[in-house]
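Protein chains: 2
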Amino acid sequence: MRFSLFYEHQLPRPWADGQELRLYQDALEQVEIADRIGFDYVWEVEHHFLEEYSHSSAPEVFLAAASQRTKRIRLGHGIVQLPPAINHPARIAERIATLDLVSNGRVDFGTGEASSSAELGGFGVRRTDKRAQWQDAIDAVTRMFVEEPFAGWSSPHFRMPPRNVIPKPVQKPHPPLWVACSRRETIHFAARNGIGALSFSFVEPEDAGRWVDEYYRIIASDECVPAGFAVNPNVTVVLPMMLHEDEATAIDRGIDGAHFFGFALAHYYGTTPHDPGRTDVWREFEERRAARGFDRDQIIANAEALNVNVGSLRGAVGTPDQVADLIRRYESAGVDQVSFVLQAGPNRHEHICESLELFGKAILPRFTEGREEREAAKAERLAPAIEAALARRRPARTLPPGYRIDEDAEVSRALRGSRSSRPRRPLRDEVRAAGRKRAAQGFYRLVHGRSDAQIERRFGPGAQRVLFAGMARAYDPSASGGFRGELEFRLTRDGRPATAWTVEVGDRRARAKPGRADDAALTLIVGAADFLRILAGDANPASLLMDGRLKLRGDFELAPRLSEMFGGPSPY
Amino acid sequence: MRFSLFYEHQLPRPWADGQELRLYQDALEQVEIADRIGFDYVWEVEHHFLEEYSHSSAPEVFLAAASQRTKRIRLGHGIVQLPPAINHPARIAERIATLDLVSNGRVDFGTGEASSSAELGGFGVRRTDKRAQWQDAIDAVTRMFVEEPFAGWSSPHFRMPPRNVIPKPVQKPHPPLWVACSRRETIHFAARNGIGALSFSFVEPEDAGRWVDEYYRIIASDECVPAGFAVNPNVTVVLPMMLHEDEATAIDRGIDGAHFFGFALAHYYGTTPHDPGRTDVWREFEERRAARGFDRDQIIANAEALNVNVGSLRGAVGTPDQVADLIRRYESAGVDQVSFVLQAGPNRHEHICESLELFGKAILPRFTEGREEREAAKAERLAPAIEAALARRRPARTLPPGYRIDEDAEVSRALRGSRSSRPRRPLRDEVRAAGRKRAAQGFYRLVHGRSDAQIERRFGPGAQRVLFAGMARAYDPSASGGFRGELEFRLTRDGRPATAWTVEVGDRRARAKPGRADDAALTLIVGAADFLRILAGDANPASLLMDGRLKLRGDFELAPRLSEMFGGPSPY
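From first to last, the protein sequence lines stand for chains A and B.
Per numbering that gives the first Met the number 0, the first sequence runs over residues 0 to 571.
Per numbering that gives the first Met the number 0, the second sequence runs over residues 0 to 571.
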């Protein structure tokens, strides 16, 4: 079991001058204490415009400051909002890597989609798009960490030409990945992506067991196709906390914060009207807390075991024995980390510091014995499954040498693509992109590790016809750089000509037909199996070229455009 | 005279594992020394993808880390790239404010447009757009600092609905503003915007005087219309530096760094081809430095006065006496700050630290005496001009209460607007927007501080006809929320009806005509002078409503949409 602090930087109204300064400076002091005591992580959200609920809109800055006040505590983004309209994927890769450098490799990279109307409306992110944007951006960002140079991107969500995104993170291949799970079902999603689950839905320890079991079952199954280049099998639950030897005092100090946390969360994630700069969430809380199930008077000290959710949100507000018991129950359920929100609502800095010190003295020592051994055993147990999962992820790409930065072409491609084409048929585009992605991953699995003969058996001329027709359908005129003409593909078997295909590229669409071209602008001569490996992302055309397994005739400069012209992610 | 360090985080090839970590950790140590010694600022660039030349892509992170290693040194962004495709304006306001909070008010906010092909092509920013994007974004970002809530934005460059952008900076109204001047002419531009000039073009002290004089002449003139809500009258020059009591040793330690700095700058800002991840800038430097004017052998120790530019870039590489003499000459020219690049090319950490210590002992004390008094005198001298300049800036807006976050409407407005509409007629849009802006600022000056009678004299029915026709032309159907119908404006004089105008809103365009409406959906009754004040941004419709000076009849909900419907920046 690992322990962490969780920060939203809450600041209930009314506001006075200097309060935000105090809030930030106090939080830095708290993190310093947590590091000294032996907390393992500090997490900080990224939220925009959520007045009172979260004044933490630039966590990269706070965590970087915290890195120089601490020695070993890990610095977690809980989370970075991935939609490209909020944070450009390159800016995300840059800030994560830089934080890893100033902290000497202590970053955990939590991710999320953004969920509140304030944020989605504020940045113009379509709710129906955000899951697809997350999936797209995490793929791109993790490639920016490992690809040198990043081979470029072209999706309905963002476009970027090849660039070496620098600096690179200290941790290789990249800091551990997490995803925020505001609904419990997202825990399954986290497992399918091979990343840690940061669970914000308050779940009783006894229910958590089932979610954790399913999480680890998926991690170990074929369903797990890692979103990054490393798997991070971990489940964290987030709870409000306040500690005191006297239970009534703990409640008195902590329950308003815990309740405001829940109330304000519901305010921003529900349908409550919000007038920016005007709505007073704290006043609404005081007026309506009881009606919303956050009744202060219902919470009484009775020295019973803590229940998280029942009888209004109480979380880990109680005595060291009560909280240790709660943690033990989560531990039995297989939860890997409990994260505590102490800075919530009107909770006071000195009470937070006192709670932390008490936690260090009275709780932490009960959970550290044998921890390293248990974690090592877990890692060993999961190692084969993780290795198998990583083999299912499409590998890092290698851009062939010879790409040249070309500002004019790159800018006009960027402006023609991405947003401008999106609003027209967003849903169709997205379904297509998702379909392409699934198809590509399935394809990769069919090809990867097979011999030429095996691949050729599976993809005879009939299958080739389907693949070329698909290529032609995926043609994107905006990526053609103005090219119109014929592309010829001569596929060989055992070095001898076997089949030939021609793709005619026109102004708006492309058409595939069997046979040689009349007047090919570019001819590719390649083994049928190698060609399928290229299409599947299992072989790198640049290496094939250098090995003489791919030959080009005609306009060499067209070659690097082909992938992008036919819906591929990057211009090799 | 103030002194600063300047960081690009340069890392010439070949690269070894752990070098970026060392680079960042060393830089933090150097900044700590600079703070102890009495340097006034540390500046850090924001550059993307400029391998070897600058591994500083997330300065908000490095500066935040530096904030906790230092006590009084100011933390300068030199600069933040303002085009919205690189950094969303809200994300900029958030990170600047957060850095101001963790550093207890020590941020200087330098800004720029981005200039290299690697960056413009990488993020898809049109070179012809970037100046307009800078002007647009700095206006929006400074409003985010002071408006509560930010009243929203709608320009060809980005759109955002009203939101309270939090947190707010510690420094009021906001941290001092600067702009990067890569060409000397930009110094005039800085002055016209009332902000500090960070000059990167290496200029001899004797030439600097002319630029500084013109800068301060413009600051004190009508030409100065501040980009922010405070004026920052300062000129900084940037120079490479290395210090040693023995001149030959200083040259030996510092000249390769100074020269690589100049060479790599020319590489990325010129037309040299660059293959991302492949081009070896350091090798090209070694092969071509002499041919490009960076001949190591030409630089000899001869104990003469330093010239910055003549006989290849040497900057402030020399003995304490030489460098102090150079600084004195800049001081005589009226330059306010000299910023030194020590971490350049292959320069070594220990030599940098030694130079800093020597600077603190042998140079700094010569420039501190009487400095506060001189600065106070300068501030007093400029105060009336600054006050006059600030009166020319369009003031902060007040969003009337009653705006409601509406995710669906906001998202579809964002996706319909901004990028999707831009590629069609970018230049025309931009010229129009710039024209509107100039017109609006001129208009504001004509109205601000005048009596009703003065305004009415100037804007009779003829001028009103022009203004209403302009409003109708500026109509943006995407902001109408589906409204079609008549808007009636009854303008009064001394409380009595004087003139009436009707704007007919159709599917695609609006038309203005004199006289009352047949069937007005909304009627505004307001003094002619007050109406002109609203149009000029000199009066707030919400306050006029509350004071009874503006009356509405009909569909009240239409009123907050009017400004945006007719091309205004925000939906009051």
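If you're looking for bench data, these hints aren't it; they were derived computationally from the structure.
On a predicted model such as this, the values are computed, not experimentally measured, just so you know.
Don't take each hint at face value.
Said to hold, decoys possible - Derived coverage of chain B by chain A (criterion: at least 3 residues anywhere in the stretch with Cβ under 8 Å from a Cβ of chain A; other residues may be distant): (1) 113-124; (2) 245-251.
Said to hold, decoys possible - Heads up, incomplete: computed chain A residues facing chain B, CB under 7 Å, no partners named: (3) Ala63; (4) Arg183; (5) Asp279; (6) Ala323; (7) Asp324; (8) Leu414; (9) Ile533.
Stated by the list, open to error - If you anchor each label on the Cβ, the simulated ranges turn out as follows: (10) B:Arg403 with A:Ala304: 48 to 58 Å; (11) A:Gly333 with B:Arg277: 46 to 56 Å; (12) B:Gln18 with A:Ser450: 35 to 45 Å; (13) B:Pro272 with A:Arg380: 27 to 37 Å; (14) B:Gln18 with A:Lys512: 37 to 47 Å; (15) A:Gln24 with B:Pro394: 24 to 34 Å; (16) A:Arg71 with B:Glu374: 42 to 52 Å; (17) A:Gly333 with B:Gly17: 30 to 40 Å; (18) B:Gln18 with A:Glu303: 27 to 37 Å; (19) B:Gly369 with A:Gln24: 30 to 40 Å.
We put the CB at the ideal spot given by N, CA and C, even for glycine.
Each hint tested on the structure:
1. 113-124: holds (count 8)
2. 245-251: Three-residue rule not met by the region 245-251 of chain B, so violated; n is 0.
3. Ala63: holds (4 Å)
4. Arg183: Hint on arginine 183 of chain A: violated, closest Cβ of chain B at ~23 Å, above 7 Å.
5. Asp279: Aspartate 279 of chain A check fails; min Cβ-Cβ to chain B is 12 Å, beyond 7 Å.
6. Ala323: Cβ of alanine 323 of chain A sits 33 Å from chain B, so the hint is violated.
7. Asp324: Not OK, violated: aspartate 324 of chain A not within 7 Å of chain B, min 37 Å.
8. Leu414: holds (5 Å)
9. Ile533: violated (20 Å)
10. B:Arg403 with A:Ala304: 48 to 58 Å: Between arginine 403 of chain B and alanine 304 of chain A, where Cβ atoms are some 43 Å apart, the hint is violated.
11. A:Gly333 with B:Arg277: 46 to 56 Å: Given range 46 to 56 Å: holds, Cβ gap about 47 Å.
12. B:Gln18 with A:Ser450: 35 to 45 Å: holds (41 Å)
13. B:Pro272 with A:Arg380: 27 to 37 Å: Taking Cβ atoms as reference, proline 272 of chain B and arginine 380 of chain A lie about 51 Å apart, which means the hint is violated.
14. B:Gln18 with A:Lys512: 37 to 47 Å: Hint violated: Cβ distance 53 Å, outside 37 to 47 Å.
15. A:Gln24 with B:Pro394: 24 to 34 Å: Cβ of glutamine 24 of chain A to Cβ of proline 394 of chain B: about 32 Å, so the range 24 to 34 Å holds.
16. A:Arg71 with B:Glu374: 42 to 52 Å: holds (43 Å)
17. A:Gly333 with B:Gly17: 30 to 40 Å: holds (37 Å)
18. B:Gln18 with A:Glu303: 27 to 37 Å: violated (57 Å)
19. B:Gly369 with A:Gln24: 30 to 40 Å: Given about 34 Å between the Cβ atoms, the range holds.
Checked against the numbered hints given earlier, this structure breaks hints 2, 4, 5, 6, 7, 9, 10, 13, 14 and 18; the rest are met.
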